[in-house]
Amino acid sequence: MEQNNSELHRQIIHFYRVTKHFGGVYALCDLSFDILKNDFVFITGPSGAGKSTLIKLLYLGERMSDGYAIVDGINLSRISRQQIPMLRRRIGVIFQDFKLIANRTVFQNVALVMEVAGFKSRSLIRERVGDLLELVGLSHQADAYPPTLSGGEKQRAAVARAMVGKPKIILADEPTASLDPAASERVLQLLRAAHARGATIIITTHDRDLLSRFDARAIYLEGGRRVDAAGGEAG
Amino acid sequence: MIGVFRRALGDFIRHRFFHGVCLFTIVLAVFIVSAFALFFINAGDLMAAWQRGVRITAYLEADIEKEQARAAAEAIKQYEGVDTVSYVPREEGFAWLKDQLGPHSSLLSDLKGNPLPDALEISIIRELEDGEVLDRLAEKITGRPEVADVEYARKWLHRFYGIYNLFRITAFVMAGLVFVAIMFIVANTMRLILYSRREEIEITRIIGADEEFIKYPLYLEAAMLGLLGGLGGTGLLYAGYLAVMPKFSSGGLLQFFQVRFIPPELTVFIIISSMLVGWLGCYFTIRRFLRI
Chain A
787 MEQNNSELHR QIIHFYRVTK HFGGVYALCD LSFDILKNDF VFITGPSGAG
837 KSTLIKLLYL GERMSDGYAI VDGINLSRIS RQQIPMLRRR IGVIFQDFKL
887 IANRTVFQNV ALVMEVAGFK SRSLIRERVG DLLELVGLSH QADAYPPTLS
937 GGEKQRAAVA RAMVGKPKII LADEPTASLD PAASERVLQL LRAAHARGAT
987 IIITTHDRDL LSRFDARAIY LEGGRRVDAA GGEAG
Chain B
94 MIGVFRRALG DFIRHRFFHG VCLFTIVLAV FIVSAFALFF INAGDLMAAW
144 QRGVRITAYL EADIEKEQAR AAAEAIKQYE GVDTVSYVPR EEGFAWLKDQ
194 LGPHSSLLSD LKGNPLPDAL EISIIRELED GEVLDRLAEK ITGRPEVADV
244 EYARKWLHRF YGIYNLFRIT AFVMAGLVFV AIMFIVANTM RLILYSRREE
294 IEITRIIGAD EEFIKYPLYL EAAMLGLLGG LGGTGLLYAG YLAVMPKFSS
344 GGLLQFFQVR FIPPELTVFI IISSMLVGWL GCYFTIRRFL RI
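First to last, the sequence lines map onto chains A and B. When you read off a place in the first sequence, starting at 1, and then add 786, the result is the number in this note's numbering. When you read off a place in the second sequence, starting at 1, and then add 93, the result is the number in this note's numbering.
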């Protein structure tokens, strides 16, 4: 019981029988799992398994159709519109297609997170964004616009943006899918660094080789359901 | 607030093409409204100047003594709408007629005596805006026992007042329509701007922006567009007025009439209205676009 309480205390994400359907098409079905604080978790499965939908449910890009989910103490099925931004500020999201704002510089893209969070001090923003850009190796590209960057640089900028708000959770939706091996490795190193700083990391990938390189927990999805590593129903 | 202003200014510069298009259309629309205002104000002035010349002539009965005529003049002066009343003795009237006929005054030499009666020249106050008020005044004057007949340009005046009122109504309707047009222009341009920025807005939301963070700079941008459009439109008209007026006043029809620019208070009203209308256009678009 003591162990259970301790585990509950460490839990940052709790999904219980979560279902998401679009009309008659089920993207996720009866999905249950728990993720603890500072976990490093892969969500894996083939294309169409529901990985991206799961990420969207976590940052409330989509609302679940049924079930019960708690993220950092917030019940996702009861969250009000006004509370959504507060939850999103605790989560950093990295996308396969980077989702950087094209007409803002790398610095401005990263700094926007701090502006959104209500940071007023320009010097603090400059300092923290500068440090992050140095960490991801993009100091020299701070004034560059995203369309002028390589894929790897764009993704590193996206990682910096995800990390700058010091979020408790970082969601990365296929972060290495469009990158070459060297750029992928660099992005994964940065995610490891964020994990080392205490963040919970959730990465979706269909690349099983990537999993084999990490000693990390994996949740397997297939057809919107959780399965075991061999492909059997996991409940 | 400074942050919102800074972001609005930044967005304004970043999306300068769409903002430029929107600004150009607002400047044009405000220019049209201001030009209408300029035209109607001066047309009104011109009509008022004509109106100042409107007179009622009351011809007196033949047996009326001078003293009675002067007393009637005093009484009529108290009537509502009457500005001045002057007594014109028949001799003076005859001399004036002769003078008006000029080289043809010999036509009067065959007359046996002076056929004109004594008369009262009644000028009306310039604020008298309704032909029917003038009719009632003429009727009241006709009703006096000293007065034999009353003459005034009834038909012409009715037409004049009709045109004048039509002018005023048209001015209001046109101004209203153009402002509604501005609102649609801003609303549609803002929709284009929002459409071109939908990904940016979506990303901003994902990183935790609340509706206020997204809305306020947009409202400010729209108000800035309205303000700049208002200043630009009225400024353009003023530049045109300064450039064109010297040519008009140097000769022709307008040399006896001073064309004036729209009064400062109306200029300020147009600029503020443009700003409000810009904001309103943005407000409705944002409400629909962001589904707030």
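Simulated from the structure, these hints should not be mistaken for laboratory data. Any given hint could be a false lead.
[What the hints assert, rightly or not] Below, in silico cross-link-like pairs of lysine-lysine (DSS-like), each with a Cα-Cα straight-line distance of 25 angstroms or less: (1) A:K906 / A:K954; (2) B:K191 / B:K170; (3) B:K191 / A:K885; (4) B:K308 / A:K906.
[Claimed, not checked] Here are some, though not all, of the chain A residues that point toward chain B, as calculated from beta-carbon distances under 10 angstroms: (5) V827; (6) G847; (7) P871; (8) L873; (9) R874; (10) R876; (11) I877; (12) N889; (13) N895; (14) E901; (15) R914; (16) G916; (17) L935; (18) A948; (19) P967; (20) L974.
Built from N, CA and C at the ideal position, the CB exists for glycine as well.
Hints and how they fare:
Note on A:K906 and A:K954: the hinted pairing holds, with a Cα-Cα distance of about 22 angstroms set against a maximum of 25 angstroms. Annotation: proposed proximity of B:K191 to B:K170 is violated, straight-line Cα distance about 28 angstroms (limit 25 angstroms). Restraint check for B:K191 and A:K885: the C-alpha separation of about 93 angstroms exceeds 25 angstroms, so the hint is violated. Under the criterion of a C-alpha separation no larger than 25 angstroms, the hint pairing B:K308 with A:K906 is consistent with the structure, at around 18 angstroms.
At its closest, the beta carbon of A:V827 sits 20 angstroms from a beta carbon of chain B; the interface hint therefore is violated under the 10 angstroms criterion. Interface hint at A:G847: satisfied, since its Cβ lies 7 angstroms from the closest Cβ of chain B, which is below the 10 angstroms cut-off. Hint on A:P871 holds. Least Cβ distance to chain B is approximately 4 angstroms, under the 10 angstroms limit. At about 8 angstroms, the closest approach between the beta carbon of A:L873 and any beta carbon in chain B falls short of 10 angstroms, and the interface hint on this residue holds.
Taken as an interface hint, A:R874 checks out: its beta carbon lies about 4 angstroms from the nearest beta carbon of chain B, inside 10 angstroms. Given hint, A:R876 at the interface with chain B, holds; its Cβ is 8 angstroms from that chain's nearest Cβ, closer than 10 angstroms. Below 10 angstroms, beta-carbon pairs count as interface contacts, and A:I877 has one with chain B at about 8 angstroms; its hint therefore holds. For A:N889, the interface hint holds, the least distance from its beta-carbon to any beta-carbon of chain B being 5 angstroms, beneath 10 angstroms.
Checking A:N895 against chain B: minimum C-beta separation of about 9 angstroms stays under 10 angstroms; hint holds. Hint status for A:E901: holds, given a least beta-carbon distance of 7 angstroms to chain B, under 10 angstroms. Here the hint on A:R914 is broken, as its CB sits about 15 angstroms from the closest CB of chain B, past 10 angstroms. For A:G916, the suggested interface contact is broken, since its CB lies about 19 angstroms from the closest CB of chain B, more than 10 angstroms.
At its closest, the beta carbon of A:L935 sits 16 angstroms from a beta carbon of chain B; the interface hint therefore is violated under the 10 angstroms criterion. A distance limit of 10 angstroms between C-beta atoms decides the matter here; for A:A948 the minimum to chain B is near 9 angstroms, and the interface restraint holds. Taken as an interface hint, A:P967 does not check out: its beta carbon lies about 28 angstroms from the nearest beta carbon of chain B, beyond 10 angstroms. Evaluation of the A:L974 hint against chain B yields a violated restraint, the C-beta minimum of about 22 angstroms exceeding 10 angstroms.
In the structure shown, a violation is registered for the earlier hints numbered 2, 3, 5, 15, 16, 17, 19, 20, in ascending order.
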